[in-house]
Amino acid sequence: MTTETAHTHHTAEELADLAKKQLAGILSRTEPLKPKDRLAIPAQEMPAQDPNARRKNMSEVASGYTADQARLEAMRCLQCKNAPCMAGCPVRIDIPGFVDAIAKNDFQKAIDIIKRNSLLPAVCGRVCPQETQCQEPCTIGKSLKDVEKSVSIGRLERFAADWERENVKMKAPEVKPATGKKVAVIGSGPASLVVAADVRREGHAVTIFEAFHKPGGVMIYGIPEFRLPKKIVQMEIDTLTAMGVEIKTNFVIGRTRKLKDLMDKDGYSAVFVGTGAGLPKFMNIEGENLVGVFSANEYLTRSNLMKAYDKEKAHTPIYSSRKVAVLGGGNVAMDAARTAVRLGAEEVHLIYRRTEKEMPARIEEVGHAKEEGVIFHTLENAKRLIGNEFGCVTHMECLRYELGEPDSSGRRKPVEIKGSEFIAEFDTVIVAIGNDSNPLIKQTTNGLNTTKWGNIIVDENQKTSIDRVFAGGDIVLGAATVILAMGEGRRAAKSINELLAK
Amino acid sequence: MNKILAKKKLSENVFMMQIESPLIASERLPGQFIILSLSDDYAERIPLTIADADPVKGSITIIFQAVGKTTKNLAKLDAGDKIANLVGPLGSPTHIEKFGTVVCIGGGIGVAPMHPIAQGMKKAGNKVVIIIGARSKDLVIMEDEMRKIADELIICTDDGSYGRKTLVTEPLKELCERSPKPDLAVAIGPPIMMKFCAAATKPYNVPTVVSLNTIMVDGTGMCGGCRVTVGKETKFVCVDGPEFDGHLVDFDNMMKRLNSYKKQEKLHDEKDCHLNQQIETARKN
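In order, the protein sequences belong to chains A and B. The letter at position 191 of the first sequence is residue 191 when you use the numbering used here, and the numbering goes up by one with no holes. The letter at position 124 of the second sequence is residue 124 when you use the numbering used here, and the numbering goes up by one with no holes.
Rather than coming from a laboratory, the hints here were simulated on the basis of the structure. Keep in mind the model is a prediction, meaning the values are calculated, not measured. Every clue listed holds true.
Computed cross-link-like contacts, SDA-like style, restricted to lysine to any residue with a CA-CA straight-line distance of at most 20 Å:
hint : chain 1 : residue 1 : chain 2 : residue 2
1    : B       : K232      : A       : G287
2    : A       : K176      : A       : T239
3    : B       : K263      : A       : N388
4    : B       : K263      : A       : C392
Make a model of the complete structure from these sequences and hints.
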């Protein structure tokens with residue numbers, strides 16, 4: 001089943017002009033906006049690069065609201081007393097508060113409000129699955145019977161964060177006088193960055209240990225430049241460095257140093273494990289180890305971290321593809337498919353065994369992927385991969401599915417249709433069906449309790465089975481989101497700070 | 001950190017480097033490897049085995065053949081230069097215990113990673129028989145170091161310029177026919193050599209460990225680029241290995257996977273050759 005591409009493209013200039021006129025109209029009114037008026041303000045479209053142009057570059061696709069657009073979008077908010085949006089936010093940002101500040105043209109106040117609860121607004125505004133979180137219960141969306149018409153809280157969050165970055169000289173948060181205590185943070189993804197900042201603020205020395213040669217975790221190696229510019233992540237890291245956080249790259253805890261040695265030999269009073277869900281799942285089907293079959297992690301790391309998309313400069317090769325199949329329906333699948341488009345593949349097909357409704361990817365990413373020409377096949381899945389005499393994948397045997405009863409996740413379970421096998425030609429297959437937890441820390445740390453899937457077990461304070469060792473993010477949750485990882489980091493930092501205050 | 005303390009050319013295209021890295025030097029165990037890259041942006045990450053380490057001096061020794069882009073650039077560095085990124089020790093260490101008689105087969109620069117393993121096996125009280133294989137006499141490395149460890153040392157060259165003119169599998173078979181037969185064989189070298197070593201010991205039921213050096217990006221289990229088929233299962237060389245039961249490894253699949261980027265690398269090389277030629281011509285004129 002193939003689906004058509006989305007609506008016509010409006011240029012950023014068109015959207016800006018339109019917003020300017022609309023805002024002027026509203027500001028010239030004498031009486032205040034009534035709920036009816038707010039409902040009538042058109043939902044602001046996110047300005048984006050032209051789909052045909054962006055198929056050939058790595059630059060960010062969505063360029064962000066103009067101030068006029070942001071204010072108009074913010075004026076759509078009804079300022080509900082019960083603020084259902086806040087209940088949908090994992091870190092409970094005062095959403096009506098910051099949205100109101102944007103509507104009133106006080107962008108500094110808006111970002112100050114956001115920062116009380118979130119440390120990475122420029123990142124979360126871009127990558128959070130808002131339509132299943134804050135925007136899902138939005139009264140405006142409910143009234144218009146379309147979650148895509150909810151107030152675009154995420155875009156407003158991004159606007160406020162970008163506005164601050166571009167207009168205010170950022171100063172590092174204040175750090176309390178040194179306590180003489182040291183905390184080790186393992187990994188440098190979203191959970192770890194939050195722990196590092198929150199713990200450092202209390203005056204403790206913090207060292208981040210990162211296995212790669214660059215910090216940032218999934219925000220650097222996983223999420224592509226066109227969705228999250230690396231300079232934004234780098235700024236967050238620079239802020240930490242300015243606060244005095246030490247970052248040791250090329251350092252694998254469990255190998256370069258054992259976790260317990262950090263406490264027993266190196267003098268760290270507490271350890272936070274935020275190593276993420278880095279162990280790609282494969283499907284255990286025939287032909288999975290053929291040449292041309294990759295995990296999305298590998299494909300994306302080559303392109304994002306190693307910059308293999310820059311074929312002139314990069315020493316790391318990336319597979320030259322003609323016809324690509326991406327297996328999966330999450331954000332990582334969209335990222336891999338859209339990267340393949342940009343790397344010059346003639347055809348990119350996304351294969352998902354449920355329907356589009358069940359796709360875990362953000363609606364915006366699905367829309368962008370379609371606009372860029374990714375061909376969607378739902379209710380299909382790979383059964384077997386077929387190779388040639390050189391061991392390279394050439395074909396994929398697929399199977400069709402239909403939706404059955406809801407499963408444990410509440411989504412209708414895909415059931416295979418017997419005898420529906422068919423064969424399609426592909427020279428590249430990218431597997432994006434999720435990650436298991438990385439086994440390194442578990443394998444090398446006695447006494448660290450994990451679930452049968454290898455996720456570290458923590459209590460409500462993010463404390464693990466080992467004294468003074470805390471964990472959070474995907475290594476606890478399984479593959480989840482940046483915002484959830486951040487929430488866990490916040491909690492862990494609070495526990496660590498309480499422990500060290502004793 | 002990561003300063004090159006010494007460099008030595010062992011043979012045409014084969015180099016030894018001693019690199020300052022105190023933590024890796026003290027933590028590393030036989031069988032483990034490192035990943036290095038020569039700059040933060042655009043450089044490639046490549047896995048290399050650790051040939052030796054000196055925890056007192058805080059250094060590790062790597063031995064590599066300048067064949068690819070990164071190893072060629074690495075070979076251009078000298079003592080005093082720094083390696084931008086060096087991470088390790090990675091992989092699970094070799095399982096070392098007293099087995100009895102252990103045959104260690106090192107082919108080409110595979111002798112380098114074999115060195116700490118042979119050392120470990122000897123220290124654990126094993127009788128250690130070492131077979132070194134190379135194309136010709138010039139390419140035999142670490143003979144003196146290995147001779148110090150070996151209870152018996154056999155050298156084979158393809159062209160007969162040194163030692164026996166034969167492949168390593170011949171003396172390996174002979175050893176398997178001895179009574180008592182070896183209790184363990186460990187083979188490290190080109191994939192094809194490891195494949196035939198495993199095939200040679202199979203009929204004699206001599207357990208055979210091989211150490212695989214595959215394509216890798218992170219080396220911590222994150223990318224899965226290093227996966228190999230062992231038995232019917234998919235294993236990651238970086239976290240499940242690098243050592244596996246040689247009788248179960250699908251070497252053909254592994255060798256094909258090693259060639260995944262041959263086409264692109266060739267293009268890159270040709271472009272480089274072309275550039276070099278232009279530079280040469282410019283210099284002459």
